[in-house]
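Asker: These are the residues of each chain, in order.
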Amino acid sequence: MNMIDIDLEACDGCKICYKACFVDVFRWDEAAKRPQVAYPEDCVQCNLCELNCPTGAINVIVDWNKPFPSVLEHGPRYPE
Amino acid sequence: MKALGDLGIVHDTEVLIVGGGIAGLTAAIATKEKSPATQVLVVEKNFSGWAGQANKGAGVFMFLGPDDPVERFLDYHTHNIGCFLEDQELLALFAAESQATIENLDSWCHTFCRNADGSLAVDTFKPGLPWRLAAAEHDTQMKAQRYAKRLGVDFLEKTMVVDVLKEGAASGNAPPAAGTSRAAGAIGFSLLDGSCHLFRAKAVILATGGQSYRIMSMWNGARGDGIAAAYRTGAQVRNAEFGAFMQLVNKRSKEPLLGAEDALYNAKGECLSSWRREFEPDVDSMAGAVWYREMLAGNGPIVTHNDENWLLQHTTKRTEKGGHGDDTPELWNRPKAEAFWERLLSKTAAADGRGPVSEVFPGFLGEFSPVRVDHQMATTVAGLYAIGNTATSGCAMAGAVPASPGRIRGKALTSSAWMGIRAGAAVLDYVGEVPPGQPDADLAAALKKQIFAPLRRHEQSRGPGLEPIDLVRQVQAAIAPVGYSIYKKKGRMEEALGLVLEAQGRIPELSADDPHHLAAANEARAMILCAEMFYRASLAREESRGWHLREDFPERNDAMWLKWILLQDQDGEMHVSTEEVPVHHYPFQP
Ligand SMILES: Cc1cc2nc3c(=O)[nH]c(=O)nc-3n(C[C@H](O)[C@H](O)[C@H](O)COP(=O)(O)OP(=O)(O)OC[C@H]3O[C@@H](n4cnc5c(N)ncnc54)[C@H](O)[C@@H]3O)c2cc1C
Ligand code: SF4
Ligand code: SF4
Numbered sequence: 000m001n002m003i004d005i006d007l008e009a010c011d012g013c014k015i016c017y018k019a020c021f022v023d024v025f026r027w028d029e030a031a032k033r034p035q036v037a038y039p040e041d042c043v044q045c046n047l048c049e050l051n052c053p054t055g056a057i058n059v060i061v062d063w064n065k066p067f068p069s070v071l072e073h074g075p076r077y078p079e
Numbered sequence: 000m001k002a003l004g005d006l007g008i009v010h011d012t013e014v015l016i017v018g019g020g021i022a023g024l025t026a027a028i029a030t031k032e033k034s035p036a037t038q039v040l041v042v043e044k045n046f047s048g049w050a051g052q053a054n055k056g057a058g059v060f061m062f063l064g065p066d067d068p069v070e071r072f073l074d075y076h077t078h079n080i081g082c083f084l085e086d087q088e089l090l091a092l093f094a095a096e097s098q099a100t101i102e103n104l105d106s107w108c109h110t111f112c113r114n115a116d117g118s119l120a121v122d123t124f125k126p127g128l129p130w131r132l133a134a135a136e137h138d139t140q141m142k143a144q145r146y147a148k149r150l151g152v153d154f155l156e157k158t159m160v161v162d163v164l165k166e167g168a169a170s171g172n173a174p175p176a177a178g179t180s181r182a183a184g185a186i187g188f189s190l191l192d193g194s195c196h197l198f199r200a201k202a203v204i205l206a207t208g209g210q211s212y213r214i215m216s217m218w219n220g221a222r223g224d225g226i227a228a229a230y231r232t233g234a235q236v237r238n239a240e241f242g243a244f245m246q247l248v249n250k251r252s253k254e255p256l257l258g259a260e261d262a263l264y265n266a267k268g269e270c271l272s273s274w275r276r277e278f279e280p281d282v283d284s285m286a287g288a289v290w291y292r293e294m295l296a297g298n299g300p301i302v303t304h305n306d307e308n309w310l311l312q313h314t315t316k317r318t319e320k321g322g323h324g325d326d327t328p329e330l331w332n333r334p335k336a337e338a339f340w341e342r343l344l345s346k347t348a349a350a351d352g353r354g355p356v357s358e359v360f361p362g363f364l365g366e367f368s369p370v371r372v373d374h375q376m377a378t379t380v381a382g383l384y385a386i387g388n389t390a391t392s393g394c395a396m397a398g399a400v401p402a403s404p405g406r407i408r409g410k411a412l413t414s415s416a417w418m419g420i421r422a423g424a425a426v427l428d429y430v431g432e433v434p435p436g437q438p439d440a441d442l443a444a445a446l447k448k449q450i451f452a453p454l455r456r457h458e459q460s461r462g463p464g465l466e467p468i469d470l471v472r473q474v475q476a477a478i479a480p481v482g483y484s485i486y487k488k489k490g491r492m493e494e495a496l497g498l499v500l501e502a503q504g505r506i507p508e509l510s511a512d513d514p515h516h517l518a519a520a521n522e523a524r525a526m527i528l529c530a531e532m533f534y535r536a537s538l539a540r541e542e543s544r545g546w547h548l549r550e551d552f553p554e555r556n557d558a559m560w561l562k563w564i565l566l567q568d569q570d571g572e573m574h575v576s577t578e579e580v581p582v583h584h585y586p587f588q589p
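Residue numbers (numbering that gives the first Met the number 0), protein chains in the order written: chain A, 0 to 79; chain B, 0 to 589.
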């Protein structure tokens, strides 16, 4: 799973990261005026939250071993 | 008889656009520019301007300039890309209007790279190919969204539309039969609080992108919702057998390595790229077949030699300062797009390394886009339109290739914008003639029950139910393997279809604990339906043509198969039929 590391001290509550995500990873905490990383398991490292954060508070740490479907898996069953 | 208002929050509009990517936005702008008084509402699952594919590294637009004859383009396209399954009239129309589409878009967004004299900065993909490329900055979508807002387009964000609502009597859970009533709205829910939203409209435009099965990173948002909604409401689907786009990707990061197919080698050091011709437009499915055969023969791993990858070298040069010829300092100056790529590449380099040789495999992108539309972007259901990646194959302008991109890099964006602009004009004619939509409330109630079922199941059951992601993985395992979806054969496809139908049988077990997972559950349903369409159409086409490669029918068969394969729901069954391509009325014949 990717890790979306947010420095909440540096964050100024602009909401950009929350809006930038195209796969619904964030929720917005209205009371704290800060982003919540609600569904990190869905992050696919587009990096748009990180790139567009005006305070540089976000770091998306990529897990390159996330589950990925095999493209050959059934192959050995078809020696033909 | 229920009232719509009893079911949730009701929104009234004239033109309802589902999906606020580049296609949905251009449709909204085109409608509103021409007719400011017409109400236009864009419903977007995430945030319009940010979501969608056009800002995930995209930005290259193909077009035909004044010196590019449409005939030459059609000639090349029919012979080398679409293999005579094109609707040549529509393709000619698109080609003729492609430059105007770009100029139109640029007049709204001002994001295209231009030369000092104000002309478009233009390049070729490969010398000799009969089209050109222009490039826009990475924030084109964002600027289009702002412009649409200024024009008075309304937006509802973080709301997922699941089904189209129709007028007319419905019985039980079954929507009225195709053609019996018109589309009059849609139903969905808020991703934030799970509230049910209903839309009453005169016309509905589906612009939810394609189906990419949540496999590849940047294509992850394409989850086929609009395709499934169109099919479930009775719309016809066309060219579903071609929705299997793939690119060779780096083994570890799974990010595409463009042009890798031109320099493939097996573990014995044998070059595998002999089928690639000099004027090959872009990647083809043969790259997947070659990879598969070599792997099965025990000749893996398969690698690509980056210094022999012409496209990689050329693309790098195009964006490097001082890199493109002597007198062009920078052809395309796109700081935002470059920042995007630099960030991504610096991270992937940590995974893949940056050596001269890269191990690759075929990554499945799908880009399934089969909703059938006519030249006005109208589906076979009255009042229902589809554009962009929802309908690029279905409109048939690309022929026998996954579309978009349809083996022309840069065609996806131009065609999405073009389809949007065209739909905007057509929909205005339509809404001028029809009264406000009156969606059938009983049908809406039945659909609501189905949409929210996974939430109810979670509340009612004590043990954990079936998580949507588990079903998604089951579909991925049935679609991603090359031997199933790229290099096809009857027995293997039947096996894959069996896996898909097994997944379908598990839909009643789906469970969701919140609106985010409810979205995933409804997306999983769409994925299952799309995969079924793909295999039913693929099994029907007993020949090889264009992207569609059959191990058991390796030859193209023009005598039998100058036909489109059509799919349509008939009483819950996926009905397969064919239609002759009117190729003798077109300028080019095989
Ligand atoms: C990495 C990458 C690079 C690319 N490069 C190029 C390029 O250089 N040139 C080119 O021509 N093409 C390129 N493409 C393809 C091009 O970007 C797409 O074809 C085009 O952007 C598709 O636009 P669209 O509006 O049809 O769909 P999308 O961009 O997918 O937009 C669909 C929108 O609908 C929303 N949505 C989905 N489901 C629902 C729902 N149920 N309810 C409400 N809203 C929903 C989504 O959130 C999204 O905002 C690239 C694609 C990728 C991923
Ligand atoms: S990197 Fe992209 S996908 Fe991941 S959280 Fe940020 S915006 Fe979302
Ligand atoms: S983009 Fe950065 S500053 Fe803005 S809310 Fe997110 S973390 Fe905070």
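Hints listed in this document are in silico derivations from the structure and should not be mistaken for laboratory results. Since the structure is predicted, the reported quantities are computational estimates derived from the model, not experimental observations. Please note: incorrect hints may appear among the correct ones.
Cut-off 27 Å, straight-line C-alpha distance, at most; resulting in silico cross-link-like pairs (BS3-like, lysine-lysine) [said to hold, decoys possible]:
1) K447(B) <-> K125(B)
2) K448(B) <-> K65(A)
3) K346(B) <-> K14(A)
4) K65(A) <-> K346(B)
5) K32(A) <-> K148(B)
6) K489(B) <-> K157(B)
7) K267(B) <-> K14(A)
8) K267(B) <-> K253(B)
9) K125(B) <-> K267(B)
10) K65(A) <-> K125(B)
11) K253(B) <-> K448(B)
Asker: Against each hint, give a clear statement of whether it holds in the structure.
Answerer: For each hint, the structure was consulted:
no.	hint	result
1	K447(B) <-> K125(B)	violated (50 Å)
2	K448(B) <-> K65(A)	violated (34 Å)
3	K346(B) <-> K14(A)	holds (24 Å)
4	K65(A) <-> K346(B)	holds (15 Å)
5	K32(A) <-> K148(B)	holds (25 Å)
6	K489(B) <-> K157(B)	violated (41 Å)
7	K267(B) <-> K14(A)	violated (53 Å)
8	K267(B) <-> K253(B)	holds (24 Å)
9	K125(B) <-> K267(B)	violated (30 Å)
10	K65(A) <-> K125(B)	violated (36 Å)
11	K253(B) <-> K448(B)	violated (38 Å)
Going down the numbered hints, you'll see the structure goes against 1, 2, 6, 7, 9, 10, 11, while the others check out.
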